[in-house]
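2 protein chains.
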Amino acid sequence: MTRTAFFISDGTGITAESLGRSLLAQFENVDIRMVTKPYVDSVDKARQLAEVIEATAVRDGATPIIIDTIVDEQIRDVIRDAAGFKIDIFSTFLKPLEEELATHSSYSVGRTHAIGSDDVYMDRIHSVHFALDNDDGARTHQYDKADVILIGVSRCGKTPTSLYLALQFGIRAANYPLTEDDLDEDGILKLPKALAPHRHKLFGLTIDPRRLAAIRHERRPNSRYSSMDQCLQEISQAEGLYRQLHIPFIDTTRFSVEEISTRMIAERGLMRRFSPR
Amino acid sequence: MTRTAFFISDGTGITAESLGRSLLAQFENVDIRMVTKPYVDSVDKARQLAEVIEATAVRDGATPIIIDTIVDEQIRDVIRDAAGFKIDIFSTFLKPLEEELATHSSYSVGRTHAIGSDDVYMDRIHSVHFALDNDDGARTHQYDKADVILIGVSRCGKTPTSLYLALQFGIRAANYPLTEDDLDEDGILKLPKALAPHRHKLFGLTIDPRRLAAIRHERRPNSRYSSMDQCLQEISQAEGLYRQLHIPFIDTTRFSVEEISTRMIAERGLMRRFSPR
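As you go down the protein sequences, you meet chains A and B in turn.
For the first sequence, my numbering assigns the number 47 to the initial residue and increments by one for each residue that follows.
For the second sequence, my numbering assigns the number 47 to the initial residue and increments by one for each residue that follows.
Derived by calculation from the structure, the hints in this document are not laboratory data.
Predicted model only: the values in this text are computed from it and were never measured.
A hint or two may mislead.
Identical copies look the same in the list; a pair holds intra-copy or inter-copy alike.
Pairs of lysine to aspartate or glutamate, DMTMM-like flavour, derived with a Cα cap of 25 angstroms [what the hints assert, rightly or not]:
1. K141 with E74
2. K191 with E264
3. K191 with D118
4. K141 with D228
5. K141 with D77
6. K191 with D87
7. K91 with D297
8. K91 with E313
9. K91 with D118
10. K141 with D106
11. K191 with E119
12. K141 with D123
13. K247 with D169
14. K91 with D127
15. K247 with D123
16. K247 with D90
17. K141 with D127
18. K247 with D227
19. K91 with E285
20. K141 with D254
21. K239 with E100
22. K236 with D190
23. K239 with D182
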């Protein structure tokens, strides 16, 4: 039997979905189909959605789960009347918060994901372009302006992580590839010269060699670059460098971009320029 | 008087912070300092944090607000004993959910933000590289593989939006700049030839000309490119094109990247390859 869970919001739905997925992830044995319904910002849209929910209940033969962050009371009432098991985040928590803060809350529709200020927007644009301009070792002279410099072998996840840090937190992340150009005569990887003055900003990434080979194989099939031997060797050299110079590092095989980024922020004490919305 | 709100998690803290900010945004008149504490995944770390919370209460002269998504009961108990006003998301909602689903939940630490599967990781990497490879009109031959093609004048927000769609949803977003190269003899903007076969995939971005001028000014100060006249004219031509060809469009001045992306998904019926974690 499949149940359907609806994440409903008058805004982006990001909060309802994020909370809903966290809660439902605790029920591994239940087969749950998850549906996000953002921008339910009128009574009409809510009525249409209520009909969809009713039809889903009939089709599934099971009560749908409804998790919502609708602020507007009229719209919320329509959803509340639909046949479902409700987790109503705002009505559960806003009332006790109002008492604790001894004030009323504003019931403005879609407050949280509105653009905060021009500054946030500009910080975001700047950080994204900083990541792109300083991707893969380009323009090394901007490292004095970087908050963090990600290092690692080709295709270990540097670029997605840099961009996530920029978009979500306004952190200026450069990245620099570790390559054979920096092997010494004994075949030991040395810290690239461009990075030497910025050792305190470095953060290493590593990856399971099998996954690295698979990723590289899609880019250049059956090449030395994508061979298991080459991947094993590069990873071993990179991790050796991290350990020798006490550069903190993280394995992108085991962690998502969200985890890598938030762990990096915690470990390096990075300052966010803004917060995810 | 400033209050402090702590968003506490044994994982990334993204869910607790997202919910916390949504709730507290409803209290515009209260001055709240927000602090996110991720990876509180041991009793020791929880005890240290409890001390910080106590000290904060004394310094603020006000009870801190504690919003947490800690799954582990032992760790949660330590935080629960700290002096604060608690919003305990999991204990509030998991019990009724267990009853509704007639099953027990798994109390594994940090379930939700673990990497789901290799497929998710690969989809994310592919989508980010797709966005980069098809940024700013590059490699137009990949448009048949694009889920959506963002169009707009230089620096209106195409790149950050493409990257957000890739990172959060695995959506393959190309982007193409509208420039004077596509003006006809009467000075009217025409649809660039490369885009003609893909009209159903187009989504327009526009921006307030004053903000556009400010953004461009930082890139090329006192240039024609950044002049108010030029920005006004380009925006007017771009919006004219959208209206003439019925291309859906959105104003990046009024909406955050999150809103632009989720609205685009809703309006164009885009399929996510995975969900934000």
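Same-copy or cross-copy closeness of K141 to E74 [CA-CA at most 25 angstroms]: So K141 and E74 pass the 25 angstroms test across copies only (15 angstroms; inside, 32 angstroms).
Within, between, both or neither, where K191 and D118 count as close if Cα-Cα is 25 angstroms or less: neither (44 angstroms within a copy, 40 angstroms between copies)
Homo-oligomer pair classification [D123, K247; C-alpha up to 25 angstroms]: neither (51 angstroms within a copy, 36 angstroms between copies)
Copy assignment of K141 with D228, given that the CA separation must stay at most 25 angstroms: Neither: 60 angstroms inside a chain and 56 angstroms across chains, both beyond 25 angstroms.
Intra- versus inter-copy proximity for E313 and K91 (alpha-carbon distance at most 25 angstroms): between (45 angstroms within a copy, 14 angstroms between copies)
Alpha-carbon proximity context of K141 and D123, limit 25 angstroms: both (16 angstroms within a copy, 24 angstroms between copies)
Alpha-carbon proximity context of K91 and E285, limit 25 angstroms: neither (54 angstroms within a copy, 28 angstroms between copies)
Within, between, both or neither, where K141 and D254 count as close if Cα-Cα is 25 angstroms or less: Neither, since 48 angstroms and 38 angstroms both go past 25 angstroms.
Alpha-carbon proximity context of K91 and D297, limit 25 angstroms: between (44 angstroms within a copy, 22 angstroms between copies)
Status of D169 relative to K247 across identical chains (alpha carbons, at most 25 angstroms): Answer is within: at 20 angstroms inside a copy they meet the 25 angstroms cutoff, but 29 angstroms across does not.
Intra- versus inter-subunit Cα pairing at 25 angstroms for K191 with E119: Classified as neither: same-chain Cα gap 47 angstroms, cross-chain 42 angstroms, threshold 25 angstroms.
Alpha-carbon proximity context of K191 and E264, limit 25 angstroms: between (34 angstroms within a copy, 16 angstroms between copies)
Hint check: violations occur at hints 3, 4, 6, 11, 15, 16, 19, 20, 21; the rest are consistent with the structure.
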